[in-house]
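Student: Based on the provided sequences and hints, a complete structural model is requested.
Residue-level listing of the chains:
Protein chains: 2
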Amino acid sequence: MQELTSKKINLATKNMDKYEELRNILDNFDLDLRVVDLKGTEIQAFSVLSVAEQSAKEISTRTDEAFIVEDSGVYINSLYGFPGPYSAFVYKTIGLGGIVRLLKNREDKTAEFHSAIVYGDKGKVVKSFIGICEGNISTNLQGDQGFGYDPIFTPKGKNKTFAEMSLSEKNQISHRSKAARTFAEWLEKNQ
Amino acid sequence: MQELTSKKINLATKNMDKYEELRNILDNFDLDLRVVDLKGTEIQAFSVLSVAEQSAKEISTRTDEAFIVEDSGVYINSLYGFPGPYSAFVYKTIGLGGIVRLLKNREDKTAEFHSAIVYGDKGKVVKSFIGICEGNISTNLQGDQGFGYDPIFTPKGKNKTFAEMSLSEKNQISHRSKAARTFAEWLEKNQ
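These protein sequence lines are chains X and S, in that order. FYI, in the numbering used here the residues of the first sequence are 107 to 297. FYI, in the numbering used here the residues of the second sequence are 107 to 297.
Possibly wrong hints are sitting among the right ones.
Stated by the list, open to error - Taking lysine to aspartate or glutamate and the EDC-like style, the derived pairs with C-alpha atoms no more than 20 Å apart in a straight line are: (1) K114/S / D133/S; (2) K198/S / E148/S; (3) K266/X / E218/X; (4) K198/X / E218/S; (5) K145/X / D123/X; (6) K295/X / D133/X; (7) K198/S / E218/X; (8) K163/X / E164/S; (9) K198/X / D214/S; (10) K163/X / E148/S; (11) K198/S / D214/X; (12) K230/X / E159/X; (13) K114/S / D143/S; (14) K113/X / E291/X; (15) K113/S / D133/S; (16) K145/X / E148/S; (17) K120/X / E164/X; (18) K215/X / E240/X; (19) K163/S / E164/X; (20) K262/X / E240/X; (21) K124/X / E275/X; (22) K145/X / D227/X; (23) K114/X / D170/X; (24) K228/S / E164/S.
As the list claims (entries may be wrong) - Over the 10 Å line for every Cβ pair with chain S, so calculated as not near, a few chain X residues: (25) N116; (26) M122; (27) D123; (28) K124; (29) V142; (30) L202; (31) K215; (32) K228; (33) K233; (34) L247; (35) P257; (36) K264; (37) A269; (38) M271.
Note that these hints are calculated values from the structure, not bench results. Just so you know, even glycine gets a beta-carbon here, dropped at the ideal spot from N, CA and C.
Tutor: Here's what the structure looks like:
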């Protein structure tokens, strides 16, 4: 009968890969994640946290149900944080090939994947959570799991990209899983 | 005594190069352009028009004076419109060197510079104006006039970049000057 008591949380996204990753984590906390079409305006800002917070603020005026917004981006150190908050746009335009080209012959290929989750409930933004995963950009595409930048991102201490990992393997270390666990643990204690 | 009758317009920007270009055009229409610190939130959107309109909407709630917002970006065809609305961020991160690298060995180097001007007055957004300048991205930097992408943008039919032109030369053909003239001509007829 446990299912009847699980807390419903709406995820404002159209990205089903993102949904699957987050649900895989939140299932362990008895949280019932559902996708809703509640996208808020995304602002131009350097941090994905600012983008997610502004979006959550807007969504909170339109629903009284519990919801989360998640925004993520990959920040490449030698490119001063590019593509960062515009990772989705850059993926659709210059693509992974463009990123590889920009990094060719550069010594420093370190990068950080950032995820920000903002939680709202009862028409208010409640709290924000951050997850960061350090790693390196590889200059050739490897693996076919995951999505987005996964084929070129090798987490620190690993010798394969996110795209060469199973979902559960990626979810042990990824930026998004860290933010999601921090959120779920906080919610368990505070609600 | 003409100065006493010129209409004051506030330009919401911190970019003095942009201000100088716009003022150079609007001076001819007896419009007195002033810089104000009234920046609205910039949203993530593909068109600079959407970005400027949203920003103007926000600014219109904070002032009753006449104002304009101008947003611009360079859309590179073979890169699916990159960097487009994120031209300023891309300039600060991968820079012109990054753009040149992305286009090396590509046959199609055509691009469009877009400018959107949104005019507001008496606490309302009134009308939007667009200017487009077609051209080519050159794979080496040329000239030291202008700002931003000017050293790599050669307007169609010209054999030099914006950065190799004087302000008045650039203002005869640029995207921004076209939007500004369309605005000023409309204002002359309608106010």
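Student: Can you confirm whether the C-alpha distance between K114/S and D133/S stays at or below 20 Å?
Tutor: With Cα atoms ~11 Å apart, K114/S and D133/S stay inside 20 Å; holds.
Student: Has the given pair, K295/X with D133/X, been kept, meaning a C-alpha gap of at most 20 Å?
Tutor: OK: K295/X and D133/X at ~16 Å, within 20 Å.
Student: Holds or violated: K113/S and D133/S, Cα atoms, limit 20 Å.
Tutor: Judged against 20 Å, a Cα distance of about 10 Å means the pair holds.
Student: Holds or violated: K114/S and D143/S, Cα atoms, limit 20 Å.
Tutor: Status holds; Cα separation ~15 Å.
Student: Does L202/X really sit off the interface, with its C-beta more than 10 Å from all C-beta atoms of chain S?
Tutor: holds, 13 Å
Student: Any Cβ of chain S at or closer than 10 Å to K264/X, or is the non-interface label fine?
Tutor: Its Cβ never comes within 10 Å of chain S, the nearest being 26 Å, so this holds.
Student: Holds or violated: K198/S and E148/S, Cα atoms, limit 20 Å.
Tutor: The hint holds at about 17 Å.
Student: Hint check: K230/X vs E159/X, CA-CA at most 20 Å. Holds or violated?
Tutor: holds, 11 Å
Student: Is the hinted pair K198/S and E218/X satisfied, with a Cα-Cα distance of at most 20 Å?
Tutor: Since the Cα atoms of K198/S and E218/X sit roughly 18 Å apart, the hinted pair holds (cutoff 20 Å).
Student: Within 20 Å, alpha carbon to alpha carbon, are K228/S and E164/S?
Tutor: Given pair K228/S, E164/S holds - Cα atoms ~13 Å apart, limit 20 Å.
Student: Over 10 Å to the closest beta carbon of chain S is the bar; see if A269/X clears it.
Tutor: Since the minimum Cβ distance to chain S is about 22 Å, A269/X lies beyond 10 Å and the statement holds.
Student: Are all C-beta atoms of chain S more than 10 Å from that of M122/X?
Tutor: At roughly 20 Å from the nearest Cβ of chain S, M122/X sits farther out than 10 Å, so the non-interface label holds.
Checked against the numbered hints given earlier, this structure breaks none of them.
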